[in-house]
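Participant: The chain contents come next:
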Amino acid sequence: MYDDRRYIIRIAIVLVAMIFLVKLFFIQILDENYKAAAENNIIHKVVDYPYRGLIYDRNHQLIVHNEPIFDLMVIPKEVHLPDTAAFCELFQITREEFDEKMDKAKRYSYIQPSQFAKQISNEWFASIADQMAGIRGFYPKARTIRGYDYENLSNALGYIGEINQRQLRADTTDYYKQGDYLGITGIESSYEEELRGKRGVQYKMVNVRGVDQGSFKDGKLDTLSVPGQDLTLSIDLKLQQYAEKLMEGKIGSVVAIEPSTGEILAFVSAPSYNPSLLSGRDFGKNFELLTQDSLKPLFNRPLMAMYPPGSIFKIVQALIALEEGVVGAKEQVYCDHSLIGDHAPQGYYDVRKGIMFSSNNYFVKVFRRIINQNPELSQFEQAPIGMDTWAEYMHNFGLGRPLGVDIPNEKSGLVPSTELYNRIYGTGRWKVSNLHSLAIGQGETLLNPIQMANLAAIMANRGHYYRPHIVKATGSSNYIDPYYTERQESGISAEHFPVVIQGMQDALYGTAGRAIIQDIEICGKTGTVQNPHGEDHSTFMAFAPKDNPQIAISVYVENAGWGGRAAASISSLCIESYIRGEVKRKWLEDYVLKGEFFD
Amino acid sequence: MRKDSILDRIDWTVVLLYFAMVILGWINIYAAVYEEEIASEMLSLTYNPGKQLIWIGTSILIIFGVVSLDYKFFDSFAYIIYGVMILLLIAVLLFGREVAGSTSWFQIGSFRFQPSEFTKFATALALAKYLGDIHVKMENPKTQLIAAGIMFLPMILIVLQGDLGSAMVFAAFSIILFREGISPIYFIVGIGLVILFVLTLLVSKMIIFIVSGVICLVIIGASVKHPKRIIITILVALAIFATVTSVDFLMQNVLKPHQRTRVVSLVNPDADPLGAGWNVTQSKIAIGSGGFFGKGFLEGTQTKFDFVPEQSTDFIFCTLGEEQGWLGSFIMITLFVIFLIRVSIIAERQKTKFARIYGYGVLSVIFFHFAVNIAMTIGLFPVIGIPLPFFSYGGSSLWSFTALLFILLGLDANRMQVLMR
Numbered sequence: 001m002y003d004d005r006r007y008i009i010r011i012a013i014v015l016v017a018m019i020f021l022v023k024l025f026f027i028q029i030l031d032e033n034y035k036a037a038a039e040n041n042i043i044h045k046v047v048d049y050p051y052r053g054l055i056y057d058r059n060h061q062l063i064v065h066n067e068p069i070f071d072l073m074v075i076p077k078e079v080h081l082p083d084t085a086a087f088c089e090l091f092q093i094t095r096e097e098f099d100e101k102m103d104k105a106k107r108y109s110y111i112q113p114s115q116f117a118k119q120i121s122n123e124w125f126a127s128i129a130d131q132m133a134g135i136r137g138f139y140p141k142a143r144t145i146r147g148y149d150y151e152n153l154s155n156a157l158g159y160i161g162e163i164n165q166r167q168l169r170a171d172t173t174d175y176y177k178q179g180d181y182l183g184i185t186g187i188e189s190s191y192e193e194e195l196r197g198k199r200g201v202q203y204k205m206v207n208v209r210g211v212d213q214g215s216f217k218d219g220k221l222d223t224l225s226v227p228g229q230d231l232t233l234s235i236d237l238k239l240q241q242y243a244e245k246l247m248e249g250k251i252g253s254v255v256a257i258e259p260s261t262g263e264i265l266a267f268v269s270a271p272s273y274n275p276s277l278l279s280g281r282d283f284g285k286n287f288e289l290l291t292q293d294s295l296k297p298l299f300n301r302p303l304m305a306m307y308p309p310g311s312i313f314k315i316v317q318a319l320i321a322l323e324e325g326v327v328g329a330k331e332q333v334y335c336d337h338s339l340i341g342d343h344a345p346q347g348y349y350d351v352r353k354g355i356m357f358s359s360n361n362y363f364v365k366v367f368r369r370i371i372n373q374n375p376e377l378s379q380f381e382q383a384p385i386g387m388d389t390w391a392e393y394m395h396n397f398g399l400g401r402p403l404g405v406d407i408p409n410e411k412s413g414l415v416p417s418t419e420l421y422n423r424i425y426g427t428g429r430w431k432v433s434n435l436h437s438l439a440i441g442q443g444e445t446l447l448n449p450i451q452m453a454n455l456a457a458i459m460a461n462r463g464h465y466y467r468p469h470i471v472k473a474t475g476s477s478n479y480i481d482p483y484y485t486e487r488q489e490s491g492i493s494a495e496h497f498p499v500v501i502q503g504m505q506d507a508l509y510g511t512a513g514r515a516i517i518q519d520i521e522i523c524g525k526t527g528t529v530q531n532p533h534g535e536d537h538s539t540f541m542a543f544a545p546k547d548n549p550q551i552a553i554s555v556y557v558e559n560a561g562w563g564g565r566a567a568a569s570i571s572s573l574c575i576e577s578y579i580r581g582e583v584k585r586k587w588l589e590d591y592v593l594k595g596e597f598f599d
Numbered sequence: 001m002r003k004d005s006i007l008d009r010i011d012w013t014v015v016l017l018y019f020a021m022v023i024l025g026w027i028n029i030y031a032a033v034y035e036e037e038i039a040s041e042m043l044s045l046t047y048n049p050g051k052q053l054i055w056i057g058t059s060i061l062i063i064f065g066v067v068s069l070d071y072k073f074f075d076s077f078a079y080i081i082y083g084v085m086i087l088l089l090i091a092v093l094l095f096g097r098e099v100a101g102s103t104s105w106f107q108i109g110s111f112r113f114q115p116s117e118f119t120k121f122a123t124a125l126a127l128a129k130y131l132g133d134i135h136v137k138m139e140n141p142k143t144q145l146i147a148a149g150i151m152f153l154p155m156i157l158i159v160l161q162g163d164l165g166s167a168m169v170f171a172a173f174s175i176i177l178f179r180e181g182i183s184p185i186y187f188i189v190g191i192g193l194v195i196l197f198v199l200t201l202l203v204s205k206m207i208i209f210i211v212s213g214v215i216c217l218v219i220i221g222a223s224v225k226h227p228k229r230i231i232i233t234i235l236v237a238l239a240i241f242a243t244v245t246s247v248d249f250l251m252q253n254v255l256k257p258h259q260r261t262r263v264v265s266l267v268n269p270d271a272d273p274l275g276a277g278w279n280v281t282q283s284k285i286a287i288g289s290g291g292f293f294g295k296g297f298l299e300g301t302q303t304k305f306d307f308v309p310e311q312s313t314d315f316i317f318c319t320l321g322e323e324q325g326w327l328g329s330f331i332m333i334t335l336f337v338i339f340l341i342r343v344s345i346i347a348e349r350q351k352t353k354f355a356r357i358y359g360y361g362v363l364s365v366i367f368f369h370f371a372v373n374i375a376m377t378i379g380l381f382p383v384i385g386i387p388l389p390f391f392s393y394g395g396s397s398l399w400s401f402t403a404l405l406f407i408l409l410g411l412d413a414n415r416m417q418v419l420m421r
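Here the protein sequences line up with chains U and F, keeping their order. Using UniProt numbering, read the first sequence as starting at 1 and increasing by one per residue. Using UniProt numbering, read the second sequence as starting at 1 and increasing by one per residue.
Among the clues, some could well be false.
[As the list claims (entries may be wrong)] Covered stretches of chain F (in silico footprint by chain U; criterion: 3 or more residues with CB under 8 Å from a CB of chain U, positions within the stretch not fixed): (1) 152 to 158; (2) 213 to 227; (3) 288 to 296; (4) 331 to 342; (5) 373 to 384.
[Stated by the list, open to error] Subject to a maximum C-alpha distance of 25 Å in a straight line, what follows is the list of computed DSS-like cross-link-like pairs (lysine-lysine): (6) Lys-51/F <-> Lys-23/U; (7) Lys-204/U <-> Lys-51/F; (8) Lys-225/F <-> Lys-106/U; (9) Lys-35/U <-> Lys-295/F.
By construction, these hints were calculated from the structure, which means they are not laboratory data. Only a predicted model underlies this, so the values are computations on that prediction, with no experimental measurement involved. For each residue, glycine too, the CB sits at the ideal point set by N, CA and C.
The whole structure should be built from the sequences, with the hints applied where relevant.
Facilitator: Printed below as a string of structure tokens:
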């Protein structure tokens, strides 16, 4: 059956073979183009690496640039060394390393260049140029690394490194090749696509001896590299440097935001490091040192450190209580020290006075009213309902979840939820008295310094904010992602802000006298965060001036004690420097730089 | 009756062709990686020619093993071998090692093993076993479905490994179905789909719609008195519409980015000169520069200097094309044609349906590899990584083609004994 089909199959085989032979006849015998490309020439593919985008501050001060360096390439076939020992000495390698590198290059290819030594600085190369005469088969290949004009902003900028296997596999766009460099952390990573530009390729005809014979097909296939886009940061370099100076010798963060835009003006993670350490030849060695440093200079504190907010949290409680209508703006509440320990004296308190003197008992009472709004239910039944309402407000304030900052690795902080307490105490087994510490910013709540600064921006704006961001514009077109220009609402009506802000202004005369600046109306709130592991943390958040605010700031100094001293002083100095352009209060500056906050 | 030895009964034509190709392959692998400076080390185990000698040596052991097995073994164990290979394919998906984007390897110590290679003859055996049954009729739709199932099951598992090239090989078994009598309409439709696919990439969809629409309308107009013909025409028109519109979906969602660029660069080689286009351009320059007589053994410059990637495996034909020219290519292609026709003759002379079908299985796999591999090196087909049988460097590939072939030669040597049963 169907025996004839054997012939059809055989004919198909012969037919395929004929097609191949005809096609081969065309490309091997008739088409002279291949011959032209072929006689003695071979085509070399030369990758043209683009310049990485530069990074400027908001006043167009250059912060990050590119520095030329060289990789030493080798073509094993051409190598001629008059004196191998001298060569090893020149490049400071042992004979074993030399042999190993040479073997590796030979395994890769005899004819194609491969990397022999990496990242030789311009100066060094110039100094050995004379000795390179007579050495054949080695030649320099220009590349660039990041160079830094200032030693500031390291944690926000991030660093660049060689792509690893995992990242190569994850790269679905097929852009990267082995040995490529890319941003690993910070802005270098989050704006990698903008910064990197686009590689170009040149096809060059090279004869068998490797001599350049011009471009292939008149350069028809060549592509030019496109340089990366420059970034303009919202950082004010002068403020940044000043804040970093004030934080010297301390652990903590300073974050300053322009309230009207959400632009980050200063982003300090202390202690920090010199960004040049992670650029160039000694990357590996320095990285090792930095990771082993017990003070963790690579830890990006403004985004990753999570702290209890302490008393600065009280202004949020005040706003929620006013919005929920559980306390009147002028309502007097008698506070003794029955509920919780307190620095504020006993007596009658309203919202403004409660903030001014940071009364723990007033805010615990207010918080009880937020949680227990359904008197017909038992306290155990009321607690989860009130808790859910409270947590929703928290989220609207940008707390307990990432704000969406354009620097990677932002932590969400922690806003406790009904589920958390159900897990801790059991469902239906907790009530408001278990939650008292939340009212005053202790307990389970954890915020990042950037969330605290954003809180100050919400106060400055009387109820809304823009997602904090550090890049003001990309490229020359001043493009900015609309994500960062979308107005975010806190859910608190504007009418409730004046009284709370008045309390913040008064607070300077209550708990933060050092923060007062003549002629600039500052509104702020101190926090002294109890720390079971050591000295209390000092924190302060503020904005200024009171009307038409230009800066919102949060300062967190670990183990520096009372909020009215370290944090309030640093905040106030930064505000003065930014608004006035200079600092007149040298005594306060000296006090901060000296760092003796416990006297 | 004289009990003659297997050596008298084996088909020496094919054995000689096999060794001719393996030796030519080895010579080309040697030429592909040859460097003057390391000539003395070329046969050491750090370089491909040395390693290939080991694969060739072990292949001879495989030949003895396979031929000395009882010829009834493969018939009896066909389903079991197939089942085991399917299980291995599933296992490799779960525990396999990822190499170059596909999880198709097992690694045991320094030994690597790729189950998909050996699934080819397992599937050929299973198809032979199933279709070889005297009661199975190819015309029966149920038969066609089951046969398709046997083909597609390993195909799907291998696609899941991310190895689209190896999976496509299984489609070649449709040659068996053709020989056994499946309606040619399937092939006409299949080829039509491929042509339509390529057309969609080449010209605007609107043009295809308009042209095919006009043709259909003309046919419908001309066949007013044949309602059946009108219905078929409308169905064909709908099928064309569905195919053309699904090309984009296929390109965007089924193919990986690098596969997509390979298809596009086939139609337009300058589209991606860095990636897929680069390989094919370099490959064509190497072959094209060979001329009529070639540059001579070890005289090739293109392949030698690493301008063609994977020149000792998937692109081995470049070395031959460059150094031996059109004449060498002609000889090599002719060898393949004689070999494949000889395999077809052997298949046809079998006394059992099982052996004949298995013979066409061998022919299908080797023909597909040959056709697609050469087509991709000369720019007639998208680049998919499949080796040229007997020529390409690599253990798994040589072993599996050797086993595939010599099982057939074993069956063939014993074909007369079937009658004596």
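Participant: Each hint: holds or not?
Facilitator: The hints, checked one at a time:
Look at the segment 152 to 158 of chain F against chain U: 0 of its residues bring a Cβ nearer than 8 Å to a Cβ of that chain, fewer than three, so the hint is violated. Coverage of the segment 213 to 227 of chain F by chain U is violated [criterion: at least 3 residues with CB-CB distance below 8 Å; count 0]. Given as covered by chain U, the segment 288 to 296 of chain F passes the check, having 5 residues with a CB less than 8 Å from a CB of that chain where 3 are the minimum. Counting residues of the segment 331 to 342 of chain F whose beta carbon lies closer than 8 Å to any beta carbon of chain U gives 6, which reaches the threshold of three, so the coverage claim holds.
Figure legend: the segment 373 to 384 of chain F, annotated as covered by chain U; annotation consistent (4 residues with Cβ-Cβ distances under 8 Å, at least 3 required). The straight-line distance between the Cα atoms of Lys-51/F and Lys-23/U is roughly 33 Å, outside the 25 Å bound, and the hint therefore fails. Taking the CA atoms of Lys-204/U and Lys-51/F, the gap is about 34 Å. The hint is violated against a cut of 25 Å. At most 25 Å may separate the alpha-carbon atoms for a hinted pair to count; Lys-225/F and Lys-106/U exceed this at roughly 77 Å.
Only pairs whose Cα atoms come within 25 Å are accepted, and Lys-35/U paired with Lys-295/F is accepted, the gap being roughly 12 Å.
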